[in-house]
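**Student:** Sequence:
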Amino acid sequence: MKKLFISAMLSLIIGQVSQAQSIVNIIPKPQEITYGKGLFQLDKHTSISFKNCSVKDVGLFVKQLRQASHYPMMEKKQSSNTIEFILDRKLDLPSNEGYQLDVSARKVTVKANTAHGLFNASQSLRQLLPSAIETANCAVNESVWSIPALAIKDYPRYHWRGYMKDVSRTFYTIETIKKYLDVMALYKMNTFHWHLTDDQGWRIEIKKYPKLTAENATVFHRTEKQPAERSGFYTQEQIKEVIQYAKERNITIVPEIDVPGHSWPTILAYPTLGVNKNSYPNHIFPFVSSWGYWGNQFTPNTLDPTKETTYQFLDDVFTEIASLFPGSYIHFGGDEVRHDLWEKESHVQDFMKQHQIADVKALQSYFVQRVSAIIVQKGKKPIGWNDILADAKNLPKSTAIMSWLGEEAIKEATKDGFKAVATPASHLYFDITQADRNDGTMTDLAYPQINSLKRVYDFDPSNGLTAAEDKLVLGVQGNMWSAIAQDIKDMNVQNFPRLLAVAEIGWASKSKKDYTEFCRRLDANLPRLDSMRIDYYHTGGYIAGSWKSEDIKEEYSTLTFDVTKRIYDNGRAQAGFFFVDGKNFLEIDAVQLLQDGRIIDEDGHHALADKFRGTNKIKPFYYNFTIKNYNPNAKYEIKARVKGAGGVDSKGNFTFNLSPTLPFNKIEKR
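Counting from 1303, one number per residue, gives the positions in the sequence shown under the working numbering.
Honestly, I wouldn't trust all of these hints.
[Claimed, not checked] Computed cross-link-like contacts, DSSO-like style, restricted to lysine-lysine with a CA-CA straight-line distance of at most 27 Å:
#: 1; residue 1: Lys1855; residue 2: Lys1953
#: 2; residue 1: Lys1409; residue 2: Lys1378
#: 3; residue 1: Lys1378; residue 2: Lys1542
#: 4; residue 1: Lys1756; residue 2: Lys1481
#: 5; residue 1: Lys1721; residue 2: Lys1683
#: 6; residue 1: Lys1773; residue 2: Lys1814
#: 7; residue 1: Lys1331; residue 2: Lys1699
#: 8; residue 1: Lys1867; residue 2: Lys1885
These are computed hints drawn from the structure, not numbers from a lab.
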């Protein structure tokens, strides 16, 4: 009997530990977890206490917990059911972002040696609770508000765990930026790289240079037929608001002013700063229109590296940038500079001879040295894209490098003694396809590779580095360029769930990474993204149907696709025709969107569904529609007038996607 009792108890304990392991789905993966037995149950008597700290250090978590659970969570020093936060400056942890979390059936104890560590612990607690915590008006009896007994010791692998958002090629409101900061905080990402200027728009108010935010430098020209919300700029007051919002989430913002290339709005506003007189067209326009104006994606002008007025302009701009942003780094770009433009200008060649500058690469280093010195003079650290390493021997070692041109770019920077942020396009660019180049998602198909979730997760910044070089790696960053994916829904589908993989790369030890186990935790986190109304990639992307040889004829006929399940709100919709296989492409004459058999919108342009997947033209096989009066009880269909191009040996995917008018309001459910 005694043996049976012991056996039963062991089975119970093992079962409880196993249950706890299945419940703990924290991303990024904690460094150390020890599982206990039992559960800490939240109820109306649960209190919160603070030692050497205050509620403001974890105020976002406490507010969220109170709103979602409807429990008062009173602040008390003693209670039989308590969550206690302790700031212990002497606590020995490898990082000032680290924390210890101990959960028993009666108490939750959180310890850290900084307020940032306490905040990170609160985000782990948040993930230990049901996803309903992300919903402000959840009825408490709908979820079990409990935390498994465990002990966690946790700290990050890298200091820089970042996400870059391009707001030049497409402008996004501060509400959208704040939403991304919310998600970053949840997954312990601490650096927001704000790409504020590029050829498609100057997006930040500079008081000394008001023309930078004039209409022709911030608003897409009416001939481009872009939605109004894709244009605009941030006032300095709005910038301050976002900075404060980020600070409350322990996120540092790194602003980027991209020079001397990618400076079209600057040249439009102040033409004398250009290296030549080319300023056509005299307005900004979307990225995909570049080929129509210039024959390629690069501007026919740059800032002039030989003029003192250029450096005075940059000194003035960085003075205002430095006064706004409290973080250590200012990003000055330095990428994709058209050196051939410098070679063509006689005054540039004269300057190089006068200053004994050997070639245009050395001239860029001269420019970088001047700009870096300006930034340092403002009390900040300069950082630029790894293109600036072209003349590394003359580059100031104080300049940090953002390595984007492949994994080898990290090695290239660190072997020469530069600090580097690992953000290779080969793995961590989210505008690149993540599964299928024919799935209709808004990706830059000019890139040949697939940046799958596994490819992202398996990336390691230290690959091929010596121990000394690895110490120079500041961290890791995922980048989202908004040239192709412009609508927020499309952007979210590109970012998620891959951004969660980046969070884990930056935090978890290399030896603890396990893709299969990560996917288990990820599956448990998807309902959390659902609760936050954030779309993410589903298998199949936007594929909503297909065509095959027997569906088409050599003369025009109609293909019909039911898209009822893909329409769930008012918004912009896009249908696509992706040729996949066969001898014959598909000709499309016109496409209609119907609601209960009635045409509500149509796109009548003629197109060919072919093999072309590059960036350098607007995809003609996309058709655009607007849903203004969504009816949840209606049937929605797409009718396309098509024929085989010279035959009927053709197979392809029909894709359909809705981007709701109100972002983060409704999500597509599969």
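**Student:** Name the hints, by number, that the structure is in violation of.
**Tutor:** The structure conflicts with hints 3, 7, 8, although it agrees with all the remaining ones.
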